[in-house]
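Asks: This is what each chain is made of:
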Amino acid sequence: MSEEELLKILGEWGKVEQKEPKDYRVYMDKEKVPDLVKCLIEKVGDIRTAAVTGMQRNGKFIVYYHLWIHPLDVMVSLVVESENDHFPSITPIIPGSHFHENEAFDLLGLKFEGHPYLKKKLILPEESPEDYYPLRKEE
Amino acid sequence: MSLLIPIGPQHPALPEPERFIFKVDGEVIVDVDVKIGFCHRGVEKLMTKKTYVQNIYLSERICGICNVAHTTCYVQLVEKALDLEVPERAQFIRVILNELARIHSHLLIIGITGEEIGFETIFMYMWRDREIVMRMIEDITGNRVISALNTIGGVRRDISEEQKERIKKGISILRERFKKYQEVFTEDSTVRRRLCERGIISKSDAISYGAVGPVIRGSGVKYDVRICYPYQAYDRIPFDMVIYEEGDSLARVLVRIGELFTSADIIEYALDHLPKGDIRVPAPRKVPENDVISLVEAPRGELFYHLISNGTDRPYRLKVKTPTFSNIYPIARAMIGETIPEIPAILVSMDPCFSCMDRLKFIDIRKGKVWIWSDRDIRRHYKRR
Amino acid sequence: MKNKLLNWSRMRSLWLLHLYAGSGCNGCDIELLAALTPRYDVERFGIKLVGSPRHADVLAVTGGVTKAMAERLRRIYEQMPEPKFVIAIGTCAMSAGIFSGSYNVVGGVDKVIPVDVYVPGCPPRPEAIIQGFAILMEKIRKGEYDE
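Chains as they are written, first to last, in the working numbering: chain Z, 1 to 139; chain D, 1001 to 1385; chain G, 2001 to 2147.
Take these hints with a grain of salt, some might be off.
Unchecked claim - Quick list of in silico lysine-lysine cross-link-like pairs, DSSO-like style, CA-CA up to 30 angstroms:
hint: 1; chain 1: D; residue 1: K1169; chain 2: Z; residue 2: K121
hint: 2; chain 1: Z; residue 1: K119; chain 2: D; residue 2: K1080
hint: 3; chain 1: G; residue 1: K2111; chain 2: Z; residue 2: K137
hint: 4; chain 1: D; residue 1: K1222; chain 2: Z; residue 2: K22
hint: 5; chain 1: D; residue 1: K1169; chain 2: D; residue 2: K1179
hint: 6; chain 1: G; residue 1: K2004; chain 2: G; residue 2: K2139
hint: 7; chain 1: Z; residue 1: K43; chain 2: Z; residue 2: K22
hint: 8; chain 1: Z; residue 1: K111; chain 2: D; residue 2: K1050
hint: 9; chain 1: Z; residue 1: K8; chain 2: Z; residue 2: K30
hint: 10; chain 1: Z; residue 1: K137; chain 2: D; residue 2: K1169
What the hints contain is simulated information worked out from the structure, not anything from laboratory work. For clarity, every value in this text was computed on a predicted model and none was experimentally measured.
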């Protein structure tokens, strides 16, 4: 599979933007993320979760799923926005996403639905309060 | 008299969140649970409160051993957001410093690996050789550990002809030592017994569990950021990726030893081909609205920075993903099926940051016993074997 | 009354417990470790590392104190037998350095336990760490401590 073919597939799922050679963003709906990841693994092969960035902007929550496509050596970041703090988990499909999603949960309170073992305080100390999300912006 | 390595907080009897919790059946590990965050310092939040220039010095101190990789990744990130072209000479100098840091970091962990499997003298020999590298780093940057050479727009100091000669001399001395270390780790039977076929991570597991760096290259996956997503001057310097197929602890150590040689090659090539010109261009203080990522091959693996800027002189959101963060989970999985005495060597083959190995909790699922050991306790308990 | 012989023998055999208090970068740890290796070799002064607070004379702390570590640090200090000394190595151990103000960092070591010697630097060179030990040894030789 070539890069053009990959971009064509991605284009069917969301809006593709090239930031730099080998660095793409795909702006899409959050519900479609697990299906897209499954489709990519089927068609392209080895995919690794490099990182998951969570952030808050203008009252909305945004998550970037940064995926490294090994056969093509490109980074594809799936960008999803949500009014609430619930997002789909890709850990059942790519187990390595476990820590990355859990960190976003600890620091921003983003609940990744479908994550088999999401637990609070992977990163934060035991003594911190339950609803404490340090990276949330003060309104 | 054996040397006690000060790896983090001592005495397992004092209460503190455990990093690894092993469920064992007799001596065999059946499940592993991990907790991290002992050294969580809230860096990502601090970075939004400081300016871009101040954050160079903060990113440096995320990890003292990998500080060169952190600053390189950070300034590269801001330069991308500014669309700033860095002079070629600066790029080559950054490569030279990155490779010197890689040599010092690998010598550090290989020395500790040797000590872990019973080769106490190799730790001393390697750290003595590491001093040669520290002196070279101090020669170029003025500092042993925290280099502070990178800045947004280039590097702060140049390399003179005399410094070039001194580095070349240091590298040629080190090459001879590297050959000796390679012999030890490939031919010695104690080494093979402790590291061979332990902590195996298959190729597909390495990818789906998200391993990076020497861990993924030790499992046969051709992934090295310097070649797969080249940055700075790496696309102009020819070198080979070091790959081993076996996926065990020995493969990971051999990848690092192989990288010692490639780093020496890269440094010599970069010194011979150092282009003339400026080392620095001025950079604006405010960064326009942008969304950029930056990847660097730190000694431990892929280092990932993600910036979302908003036109001010402070970052809006700066995400940092360190290589050890990606590697803990795959290595924890690799320990399932292994026995307790093998744990320290497997953990060290991941090249963890300090303080990762001192609080290991064990739960025997059949006898219902629960106890806490440090890696030192494991060694002491199994010394008779 | 402090015995000159006792002071001399105490200063000549300091058993060291190293503790990383959580908020640092490990730079000070590797420079402390480097001080033990052949090039710098503090063992010639009689300083050696031990694994338990109950055997230690000196607690060498690197890094600032994170919230998770504050209670542990205090407990480890209490477990050490008298007379005991604390040496804070590096800027983070002195004042939390560049990490001060973070939501998870309490501050420098002296926010939790009393400190005898401060070694500034980020990180301090092995020579500076050795000087810190020399100052501590001088303090002990002169008897400037409580029993």
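Asks: Indicate, hint by hint, whether the structure satisfies it.
Replies: Hints versus structure:
1. D:K1169 <-> Z:K121: Given that 30 angstroms is the threshold and the Cα spacing comes to 49 angstroms, the pair is violated.
2. Z:K119 <-> D:K1080: violated, 35 angstroms
3. G:K2111 <-> Z:K137: It holds: about 29 angstroms lies between the C-alpha atoms, which stays within 30 angstroms.
4. D:K1222 <-> Z:K22: Since the Cα atoms of K1222 (chain D) and K22 (chain Z) sit roughly 17 angstroms apart, the hinted pair holds (cutoff 30 angstroms).
5. D:K1169 <-> D:K1179: holds, 16 angstroms
6. G:K2004 <-> G:K2139: holds, 12 angstroms
7. Z:K43 <-> Z:K22: holds, 18 angstroms
8. Z:K111 <-> D:K1050: The hint holds at about 29 angstroms.
9. Z:K8 <-> Z:K30: Roughly 19 angstroms separates the two Cα atoms, so the pair holds.
10. Z:K137 <-> D:K1169: Violated, because 53 angstroms separates the two Cα atoms, which is more than 30 angstroms.
Checked against the numbered hints listed earlier, the structure breaks hints 1, 2, 10; every other hint is satisfied.
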